[in-house]
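Student: Letter by letter, the chains look like this.
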Amino acid sequence: MSDYILEMEHISKTFPGVKALDNVELKVKQGEVHALIGENGAGKSTLIKVLAGVHEADEGGRYLFEGIDADIHRPLDATLKGISIIYQDLSLFPNLSVAENIYIGRDSNKKPWTKINWKSMKELAGKALDELEMDIDLNKRVELLSIAQQQMIEIARALAFDSKLIVMDEPTSSLSSGEVEKLYRVIDKLKERGISVIFISHKLKELFRVSDRFTVLRDGQFVGSYDVEEIDEQQLIKRMVGREVVYENNTQKAAVGEKVFEVKNFSKEGNFKDINLSLYEGEILAVTGLVGSGRTELAQSIFGVNKADEGTLWLNGKDLKINSSEDAVKQGIAYVPEARQTQGLVLEQSIVNNMTLPVIDALRNKLKLIDRKVEKELTEQYIKSLDVRPSMPDLAADKLSGGNQQKVVIGKWLSAQPKLLIIDEPTNGIDIGAKTEIHKLLRRMVKEGIGVIMISSELPEVLSVSDRILVMSRGRIAGELNTLEADQEKVMNLALDTEEPEDKRQPEGAESTVHQEV
Amino acid sequence: MTNIKLSKESVLGLIALAIFVGLSLFTPGFLSSGNINSMMFQLPEFGLIALGMMVVIITGGIDLSITYIAAFSGVGAALMMTNGFGIFPAIIVGIIFALACGAFNGVVVSKIGVPPILVTLGTMVLFEGVILAITNGNAISGFPDAYSLIGNGYYLGIVPFSLVIFFVFTIITGLLLNKSTWGRRVYMYGSNDLATLFSGVKNSKVLMKVYLYASLLAAVSAIIMTSRYNSVKVDLGSSYLLQSVAAAVLGGTNIHGGYGKVMGTIYAVLIFQFIRNGLNLMGVHSSLVDVVIGAILIAVLTLNFFSDKLSRQKAKAAS
Ligand SMILES: Nc1ncnc2c1ncn2[C@@H]1O[C@H](COP(=O)(O)OP(=O)(O)OP(=O)(O)O)[C@@H](O)[C@H]1O
Ligand SMILES: [Mg+2]
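If you read the sequences in order, they're chains A and B.
Each residue of the first sequence is one higher than the last, beginning at 1 in my numbering.
Each residue of the second sequence is one higher than the last, beginning at 1 in my numbering.
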């Protein structure tokens, strides 16, 4: 037996009109953490789906698992062989409990009338969660958890399966740094046990910390595989993108102008309390904090989908009355949600239909009917400026790669020409090239007089893009920092701020006690 | 591989055509002018209800009260006429009665958030009870002669007037769904109501209009029916209730919402009409007709399922 647990060679995959993979190679050694990287739409997820039996590769490929022909044609085959996949788009059952979600699929080859052993289900789920140092009620329905917690459940599910190979497609995209640390510890443990891990992420820095080897894809083609010692970050980026990407930090404090937006005494029971914040012309305000600190809830309250109990809003010299998202959009407020698959996009519908949804009323002709031509032109304009690939306006959004879906959500709000843009985890799952583009875009919007509030868990992003940082902790604003004077430690200190103990439990690490379903 | 790809709807259209041709060839009397005529007169009332049902289903809902809305509307118009009011005010009152029912459904579904199937199941019984209370279960009849022209008269001497009305509402429905911003929102809401909410769409407004529109179509259908039968009773059009769901689904409307085309539903309505009529001519007992229609529905849905699966596999294999 060779020392490769997985050998895939000459793998191609053609979708109608798109060659997603073209003669790609992926070889993973036993007990190795292998990073799979590439730009949005490079074909990473597609390769994983071929590996998992979700997609059948085109003829002519070679796919060996543990040295023999893998013969995997459906997801169950892969599971039975000991391959677990954590998909980019969460694939949990929202109505089922945590324990059920971790256990599910295990009985697939048993007779349907086999009795479920609830006790062993709970034991198994509990063990997997313990390994992740997660403290979640096993009976809780998964839809009541935060996205980060859901992602951890997916990971627990893979752990519980005694897998030989675990694939994680962007597992950290919605985790806060504390949770990411936990995940690394788990990966180290897996490695010790000889389990192989394929790790997909756009966060190169973290990849260097966990990976032994890299495989780079570009536009569906295989660029190469490299040991971690023989390559550095800049070289990797160059191979991924095919050109050099210069990442400029925001080193100049923006010339701050008039106040454009203000939140006064905003409170909502169980979500956040006494929030006061002001946004000035020309600045990007970052709001950060641990997952569950109330940032998203605050944003959604401003946007009118999660009505605050008390407090007022003020935008460009006017007090606002916002009772619904419709009011918010009419007043010029836009919100890019963190859950792009469920809140950001209507997946089955076309890019055009998604892109123009907030502004569709403005795209009517004299007869008050939708002007298809104008609609398409507008969409094409944003497809071009955001470099959405493939640039096919009529393609359904679920056919796009994760990063390109995010671009469509952003494009949708750009077309609405808002006065205030609140953007929640703007570069979640976005590649470096596109990420710098989005950061530049935010800068440009600010210059054009649009107020931008960026919510982000990613500290490097917060520190490099914003002008001012508000740190939230347990539903309150724990402090404010000038970005030029801030560093990771200062932000984390505020984020972990444990004063004003509302609960007796002191939050440790990223496990926040404030958690609210929308 | 051929490059000609027919949409679901066109396939259904071809099936409708094939059935028509088949019945014309093998069923004596199917093509007789009398028979064609009677089909043309039956089509509009069912077609209108089916279109209304389709619009509701596109939002992922269902309107089980739709035929009782029609009956209630018919009773409203009838009472006006039997109490000496003119045709025009009677029609207006009929429409208002229907819209009131639709608004009630709409409010409970959209503002309170009760699932449509429960709400309309409740209002179905409610409206039925109200009608029974008003009519004591009796039929109301005896409308002005001019009124009967709506359901029995001809436009330009050959086309039934009701068919023209149906045609107009078909076009309006198509325009609203495909070209109006409301229609766009209906489809988007039907696919993912959370994403529409996060896009600044007022979901309750969209839904409200959906139930109002369905009740409007029910009212138009009621006017045609009452005029054609020259009487109204609590069960006016009630046989169309589940048939309209069947027609919408056979026509390709996604029962979970997000998809549905006017033409699909129209073809499905035609198919039902042809088969019902053809079997009647062959002397098949009416209960057997239902068996046949049920069987066809299941066959087509199964076929659809497998052709979807096949085309997906083809897409996979196309390499
Ligand atoms: N089911 C599908 N039908 C058609 N095209 C598809 C389908 N799935 C993926 N594609 C296309 O294949 C290409 C590769 O997509 P893939 O999801 O593998 O990218 P990725 O590398 O995972 O990107 P990201 O980092 O954005 O997640 C994209 O151009 C995408 O639009
Ligand atoms: Mg991907």
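Hints in this document: simulated from the structure, not taken from any laboratory.
One or more hints might be untrue.
Distance condition first, Cα-Cα at most 20 Å in a straight line; then the derived PhoX-like pairs of lysine-lysine [as the list claims (entries may be wrong)]:
1) LYS81(A) / LYS27(A)
2) LYS309(B) / LYS307(A)
3) LYS179(B) / LYS368(A)
4) LYS233(B) / LYS399(A)
5) LYS376(A) / LYS419(A)
6) LYS27(A) / LYS259(A)
7) LYS368(A) / LYS202(B)
8) LYS179(B) / LYS376(A)
9) LYS191(A) / LYS164(A)
10) LYS205(B) / LYS368(A)
11) LYS366(A) / LYS179(B)
12) LYS179(B) / LYS307(A)
13) LYS233(B) / LYS261(B)
14) LYS447(A) / LYS259(A)
15) LYS330(A) / LYS205(B)
Partial chain B-side listing against chain A, Cβ under 8 Å, derived [stated by the list, open to error]:
16) LYS179
17) VAL201
18) ILE296
Beta carbons are placed, not taken as given, at the ideal position from N, Cα and C, and that holds for glycine.
Student: Take the hints in turn and mark each one as holding or not.
Tutor: Now for the hints, and whether the structure bears them out:
1. LYS81(A) / LYS27(A): Answer holds: LYS81(A) to LYS27(A) is near 17 Å, not above 20 Å.
2. LYS309(B) / LYS307(A): With Cα atoms ~43 Å apart, LYS309(B) and LYS307(A) exceed 20 Å; violated.
3. LYS179(B) / LYS368(A): With a Cα-Cα distance of about 9 Å, the restraint between LYS179(B) and LYS368(A) holds, given a limit of 20 Å.
4. LYS233(B) / LYS399(A): violated, 52 Å
5. LYS376(A) / LYS419(A): Violated, because 24 Å separates the two Cα atoms, which is more than 20 Å.
6. LYS27(A) / LYS259(A): The given pair, whose Cα atoms are some 55 Å apart, is violated under the 20 Å limit.
7. LYS368(A) / LYS202(B): holds, 19 Å
8. LYS179(B) / LYS376(A): holds, 14 Å
9. LYS191(A) / LYS164(A): holds, 10 Å
10. LYS205(B) / LYS368(A): holds, 18 Å
11. LYS366(A) / LYS179(B): holds, 12 Å
12. LYS179(B) / LYS307(A): The given pair, whose Cα atoms are some 33 Å apart, is violated under the 20 Å limit.
13. LYS233(B) / LYS261(B): violated, 32 Å
14. LYS447(A) / LYS259(A): holds, 14 Å
15. LYS330(A) / LYS205(B): holds, 15 Å
16. LYS179: Hint holds; LYS179(B) Cβ to chain A Cβ min 4 Å, cut 8 Å.
17. VAL201: holds, 7 Å
18. ILE296: Where the cut-off is 8 Å and the nearest Cβ of chain A is about 28 Å from ILE296(B), the hint is violated.
Taken one by one, the earlier hints fail for this structure at numbers 2, 4, 5, 6, 12, 13, 18, listed in ascending order.
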